[in-house]
Amino acid sequence: MITANLSAIFYLISGVLFILALRGLSSPETSRQGNFFGILGMIIAITVTFLSIGNFSSGFVYVLIFLIIGGLIGAFIAYKIPMTAMPELVAGFHSLVGLAAVFVAISAFLNPQAFNLGSPGNIKLGSLIEMSIGAAVGAITFSGSIIAFLKLQGIMSGSPITFKGQHPLNALILISIIVLTYLLCSTQSSNLFWILIAISFLIGFLLIIPIGGADMPVVISMLNSYSGWAAAGIGFTLENTALIITGALVGSSGAILSYIMCKGMNRSFFNVILGGFGATEQTASSANKEQKPVKSGNAEDAAFLMKNASSVIIVPGYGMAVAQAQHALREMVDTLKKNGIKVSYAIHPVAGRMPGHMNVLLAEANVPYDEVFELEEINNDFANADVAFVIGANDVTNPVAKTDPQSPIYGMPVLDVEKCKSVLFVKRSLSPGYAGIDNDLFYKENTLMLFADAKKMTEDITKNL
Amino acid sequence: MEIDPFIFRLSIFILSIFIGYYVVWSVTPSLHTPLMSVTNAISSVIIVGAIIAGLAGNPDSIFNSSSIFGFLAISLAAINIFGGFLVTQRMLAMYKKKKKDKK
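So the protein sequences, as listed, match chains S and F. Going left to right, the first sequence walks through residues 723 to 1187 as the numbering used here numbers them. Going left to right, the second sequence walks through residues 8 to 110 as the numbering used here numbers them.
No lab work stands behind these hints, which were simulated from the structure alone. Cβ atoms here follow ideal geometry from the backbone N, Cα and C, with glycine treated the same way. Accuracy of the hints is not assured; some may be wrong.
Claimed, not checked - Straight-line distance between alpha carbons at most 20 Å, and here's what the computed EDC-like set of lysine to aspartate or glutamate pairs gives:
1. F:K104 - S:E1096
2. F:K105 - S:E1022
3. F:K103 - S:E1086
4. F:K104 - S:D1138
5. F:K103 - S:E751
6. S:K846 - F:D11
7. F:K105 - S:E1053
8. F:K104 - S:E1167
9. F:K104 - S:D1023
10. F:K103 - S:D1126
11. F:K105 - S:E1086
12. F:K103 - S:E1140
13. F:K105 - S:E1096
14. F:K103 - S:D1056
15. S:K1064 - F:E9
16. F:K104 - S:E1086
17. F:K105 - S:D1056
18. F:K103 - S:E1053
19. F:K104 - S:E751
20. F:K105 - S:D1092
21. F:K105 - S:D1182
22. F:K105 - S:E751
23. F:K103 - S:E1093
Stated by the list, open to error - What the simulated footprint calls covered on chain F by chain S, stretch by stretch (three residues with Cβ under 8 Å from a Cβ of chain S suffice, anywhere in the stretch; the number is not a length):
24. 8-21
25. 39-52
26. 87-97
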């Protein structure tokens, strides 16, 4: 048994270690060390908790059993999961943090003595508010992440689900959450507590269904943020510094990522959250579809163009992840490099389904990270490059975002692919991308469309090089 | 007049938000996916609450309604802790620099 003061100091230490864990991610060299700090912080926090309770009765055995069961499942998932499934995995993990927060809040509500919060029916007011916030945000995180997971996994359609009165309904539920929290605090009724959790689950579900598949980078970041705020709420209830610090870190981390993703699409956060993007525009664009001439080619043409180039920029997108083409792409690039051609990769902030998605896939395919560049770093280089190889990306290369103020994606930062001497565009068909708008790039004089599966096309090009 | 301990916790919270803000802006965009998985893992430090809840039962009734939720939360958080840190480790191990002997 260690004193409360001593354990508080240890919790502070693990909080600091968590800060260092995030700090390590500022560069790939320090990141592994950062992860180690994170693990160390977690071990300290868990050990101190055991020591501060000091009750090594039979309950302790069960704690270990449940800990080991969870740990084994987690470790198994971590080793088995393919890198292309990272967005689903992260969404799934968020849901678990949310549910764990709800469960901890419930046990604190049922047995407040264990946490020094008073007695059932007479819980300290401050603790009750913190507990309600933790439980409500946790429940929203849980059901929201489940929907995000189902959409990413393809079990649920990625298209937005909207219905009449959706926004008023959501607003009504959010208000009733606040009213319920107030009533709960004044009556301490356990029924109200259960209702609060139930409608929080419901609102999490309703908030995410109207958001479409390609907006998932924002949704995942937002849920990341929520899971942090839920943890912080519980941290206040438990008066635990490690949890408060971590909650604040994770909360602001997710918020910043959401901001970066929204900026990458030039849309406001509320525009994304209110959802329904892409659903209306799609019909409009198909109506005025006229036959414009498109140049299409095969792998031999593409290989010829690239062989005669001196620099090539690769623009990967979600389609590359779907086709699992990252390894084939790397092989193609290796062959190009052997021929003395300079190759770099250009990554748009919202390429893929989560922040940094493309970078992880390229890293998995052994692409050195110093050949991979962000939009601002590389955008000026397109004018000097010979060939741009667009694989699985679409809207993020659309020049319309710079030229047509009427376009729904006007103002979105895009890669200046059209400035290249020639553009190779690997795509299955001419269908518009997620935003539902035609890509002008398809009809440009210097664009060669390669209609095929991304992986197969890349392999064929390599053969012809 | 004595200051409520809540104010101290609130101070820690607010200052941590600022630390988080500056630290996360310094994270390189190429590591944003590992950032999400590691924040996932560390937010599972909520397990400390779950352990307290799980151990709160008295010896005659280890499984009362409160501790059962505690035990379940322990498992959920443990999945995240192990899964989150290990998958981060796996990803970070893949980020390599250009080889020096490259032709």
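Now the hints, each set against the structure:
1. F:K104 - S:E1096: Satisfied, since the Cα-Cα distance of roughly 16 Å is no more than 20 Å.
2. F:K105 - S:E1022: 29 Å, violated
3. F:K103 - S:E1086: Holds, at roughly 10 Å.
4. F:K104 - S:D1138: 26 Å, violated
5. F:K103 - S:E751: Given that 20 Å is the threshold and the Cα spacing comes to 9 Å, the pair holds.
6. S:K846 - F:D11: 14 Å, holds
7. F:K105 - S:E1053: 15 Å, holds
8. F:K104 - S:E1167: 37 Å, violated
9. F:K104 - S:D1023: Since the Cα atoms of K104 of chain F and D1023 of chain S sit roughly 32 Å apart, the hinted pair is violated (cutoff 20 Å).
10. F:K103 - S:D1126: With Cα atoms ~40 Å apart, K103 of chain F and D1126 of chain S exceed 20 Å; violated.
11. F:K105 - S:E1086: Distance of about 14 Å is within 20 Å: holds.
12. F:K103 - S:E1140: The hint is violated at about 30 Å.
13. F:K105 - S:E1096: Holds, because 17 Å separates the two Cα atoms, which is no more than 20 Å.
14. F:K103 - S:D1056: 16 Å, holds
15. S:K1064 - F:E9: 67 Å, violated
16. F:K104 - S:E1086: 13 Å, holds
17. F:K105 - S:D1056: Holds. K105 of chain F to D1056 of chain S sits at ~12 Å (cutoff 20 Å).
18. F:K103 - S:E1053: 16 Å, holds
19. F:K104 - S:E751: The given pair, whose Cα atoms are some 9 Å apart, holds under the 20 Å limit.
20. F:K105 - S:D1092: 7 Å, holds
21. F:K105 - S:D1182: 26 Å, violated
22. F:K105 - S:E751: 13 Å, holds
23. F:K103 - S:E1093: 10 Å, holds
24. 8-21: holds (count 6)
25. 39-52: Our answer is that it holds, as 14 residues pass the Cβ test (under 8 Å) against chain S, meeting three.
26. 87-97: Check passed, 11 qualifying residues.
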